[in-house]
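J.: Spelled out from the first residue to the last, the chains are:
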Amino acid sequence: MNSTLLNTGWPMWVMLAIVVGATGIITSRFLDLSAKKIFSAAGRALIQLIVIALIISQVSTSWILTIALLLLMLAVAVFTSTQRIETVRWWVPASVIFGGVAPVVALMFGFGVLPVTPLAVIAVIGQLIGGTMSATNLAGRRIEQELSQRAGEVEAALALGFPENAARNLVGRPVAAEALLPGLDQTRTVGTVTLPGAFVGLVLGGASPLEAGLVQLVVLINLLAVQAIAVSLLAMMIERKIGVRA
Amino acid sequence: MITLNAVSKKYSSTVAIGPVTLEIPTGGLTALVGPNGAGKSTMLTMVGRLLGIDEGSIEVSGYDVTKTNSKDLAKIVSILRQENHFVTRLTVRQLVGFGRFPHSKGRLNQQDEEIISRSIDFLDLGELEGRYLDELSGGQRQRAYVAMVLAQDTDTVLLDEPLNNLDMKHSVIMMQHLKRAAQELNRTIVIVLHDINFAGHYADYICAMKHGKVVQFGTPEQIMQDEILTEVFETPVNVVPGPNGPLAVYY
Numbered sequence: 016m017n018s019t020l021l022n023t024g025w026p027m028w029v030m031l032a033i034v035v036g037a038t039g040i041i042t043s044r045f046l047d048l049s050a051k052k053i054f055s056a057a058g059r060a061l062i063q064l065i066v067i068a069l070i071i072s073q074v075s076t077s078w079i080l081t082i083a084l085l086l087l088m089l090a091v092a093v094f095t096s097t098q099r100i101e102t103v104r105w106w107v108p109a110s111v112i113f114g115g116v117a118p119v120v121a122l123m124f125g126f127g128v129l130p131v132t133p134l135a136v137i138a139v140i141g142q143l144i145g146g147t148m149s150a151t152n153l154a155g156r157r158i159e160q161e162l163s164q165r166a167g168e169v170e171a172a173l174a175l176g177f178p179e180n181a182a183r184n185l186v187g188r189p190v191a192a193e194a195l196l197p198g199l200d201q202t203r204t205v206g207t208v209t210l211p212g213a214f215v216g217l218v219l220g221g222a223s224p225l226e227a228g229l230v231q232l233v234v235l236i237n238l239l240a241v242q243a244i245a246v247s248l249l250a251m252m253i254e255r256k257i258g259v260r261a
Numbered sequence: 010m011i012t013l014n015a016v017s018k019k020y021s022s023t024v025a026i027g028p029v030t031l032e033i034p035t036g037g038l039t040a041l042v043g044p045n046g047a048g049k050s051t052m053l054t055m056v057g058r059l060l061g062i063d064e065g066s067i068e069v070s071g072y073d074v075t076k077t078n079s080k081d082l083a084k085i086v087s088i089l090r091q092e093n094h095f096v097t098r099l100t101v102r103q104l105v106g107f108g109r110f111p112h113s114k115g116r117l118n119q120q121d122e123e124i125i126s127r128s129i130d131f132l133d134l135g136e137l138e139g140r141y142l143d144e145l146s147g148g149q150r151q152r153a154y155v156a157m158v159l160a161q162d163t164d165t166v167l168l169d170e171p172l173n174n175l176d177m178k179h180s181v182i183m184m185q186h187l188k189r190a191a192q193e194l195n196r197t198i199v200i201v202l203h204d205i206n207f208a209g210h211y212a213d214y215i216c217a218m219k220h221g222k223v224v225q226f227g228t229p230e231q232i233m234q235d236e237i238l239t240e241v242f243e244t245p246v247n248v249v250p251g252p253n254g255p256l257a258v259y260y
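Going down the list, the protein sequences come from chains A and B. Take the first sequence: its position 60, counted from the start at 1, is 75 in the working numbering, and no numbers get skipped. Take the second sequence: its position 196, counted from the start at 1, is 205 in the working numbering, and no numbers get skipped.
Don't take every hint at face value.
Claimed, not checked - If you anchor each label on the Cβ, the simulated ranges turn out as follows:
1) A:I41 x B:N173: 42 to 50 angstroms
2) B:M10 x A:Q160: 39 to 47 angstroms
3) A:E193 x B:M177: 55 to 63 angstroms
To be verified - DSSO-like, lysine-lysine: derived pairs with alpha carbons at most 30 angstroms apart:
4) A:K256 x B:K80
5) B:K76 x B:K219
6) B:K76 x B:K178
7) B:K222 x B:K19
8) B:K19 x A:K256
9) A:K256 x B:K222
10) B:K222 x B:K188
11) B:K84 x A:K256
12) B:K222 x B:K76
13) B:K219 x B:K178
14) A:K256 x B:K76
What the hints assert, rightly or not - One side only, chain B facing chain A, incomplete, derived with CB under 8 angstroms:
15) G57
16) S79
17) K80
18) L82
19) A83
20) E92
21) H94
22) F95
Calculated from the structure, these hints are not laboratory results. The beta-carbon is built from N, C-alpha and C at its ideal position, and this holds for glycine as well.
Sequences are here, hints too, so could you generate the full structure?
T.: In structure tokens form, the structure reads like this:
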């Protein structure tokens, strides 16, 4: 199969095999990370992208399938977050990811920024769900670690008469904000250090650089917003022990 | 006065505290002593309302610690455990200022500043007040934490092993400060101690615990006896006259 964008013929597969093999050797020899993990990640990416390409080609004409796909993406994100943040129940990540994405998507629809077409909806909302999941996982794990390692400080605050949520806030809130740093840095350095996927994809797909830049701007700003909402909600829930396992 | 009425706490089928019934008089320094696992720190933590109880009741200055609002209790009883230390980068003065939280809610006024200065001076920390905690020695840092609980200005102060990690000199200085706080500031200080001789010399009362129960309570003269200490610590102890009072010899 050939493309006008990249040569996706057999040389690409040979090159990919060389790169994956070399990466596996490097990580196993120098980073104490098994080569199997690299091969498995590459294999999963291949299968998942083939599946998603086939699905999207089918669902792009059906709103029911579009919504089903978005729900599946949300479910996988929730499952992943529940695995990563061990102390919370599944409905905590579900609430914060949905709570972060929903208002921003509503605004995009409200202002007519997001075209009401299945492909656009899947691409944008999918990206927002993925970005929110990453920030949620990072924030949740950091808050968990901090509350565990600095339990004495929480107790010290309780001894001083702080309400429990305020005592937990004292320790958990500062590290929760760290989860926004990757998104913040990406937004601050876009165009100078990084060229994000949406921009590159649009340019390779034939859009003008200006048009691609504007789309990227919308994606980045909205991603920051959904992550900020989700992380704030998560920090608040963990501080108040809402959905936190005893 | 601190009153414990049939207080019990169960952890498992084999580990339990109580039932403990005890009255710790107002004023002076009371030392909790006993072997490892006797329940001293647990009892102190329950009195300081940082750990719930299963049965019974605990009153501090007439307030039931399980029913009184935590922010009100913070004006009545302060507690410093080994673990509940702030690790955030703070200066000595900032740390001591934390002690005023129950009164100021984070907005320090002139009176708060005066009490902070008084607490700092009381523990001889004047020259160190601008230093960060991680720049202090173990003894200086321990004094800073005690200054914080004194700044909390509560009638009752609970301290869990404040001599831990202190050498002889700093242990003596700390006990002298605490004795002075009890006498000059009229505080009721309850302190968990491992060294029976420190308890015998500085405490006004000694409460001996074993297997989660109070087995003896009295003045140092009453507790510093061969049979009592031998039974409490489950090792032979001889109490001999020393230059500054009775000394327990256990080696």
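J.: Taking the hints in turn, state whether each one holds.
T.: Going down the list of hints, with the structure as the test:
no., hint, in the structure
1, A:I41 x B:N173: 42 to 50 angstroms, "48 angstroms, holds"
2, B:M10 x A:Q160: 39 to 47 angstroms, "42 angstroms, holds"
3, A:E193 x B:M177: 55 to 63 angstroms, "44 angstroms, violated"
4, A:K256 x B:K80, "20 angstroms, holds"
5, B:K76 x B:K219, "28 angstroms, holds"
6, B:K76 x B:K178, "41 angstroms, violated"
7, B:K222 x B:K19, "12 angstroms, holds"
8, B:K19 x A:K256, "24 angstroms, holds"
9, A:K256 x B:K222, "34 angstroms, violated"
10, B:K222 x B:K188, "26 angstroms, holds"
11, B:K84 x A:K256, "26 angstroms, holds"
12, B:K222 x B:K76, "24 angstroms, holds"
13, B:K219 x B:K178, "29 angstroms, holds"
14, A:K256 x B:K76, "21 angstroms, holds"
15, G57, "7 angstroms, holds"
16, S79, "5 angstroms, holds"
17, K80, "4 angstroms, holds"
18, L82, "7 angstroms, holds"
19, A83, "3 angstroms, holds"
20, E92, "4 angstroms, holds"
21, H94, "6 angstroms, holds"
22, F95, "5 angstroms, holds"
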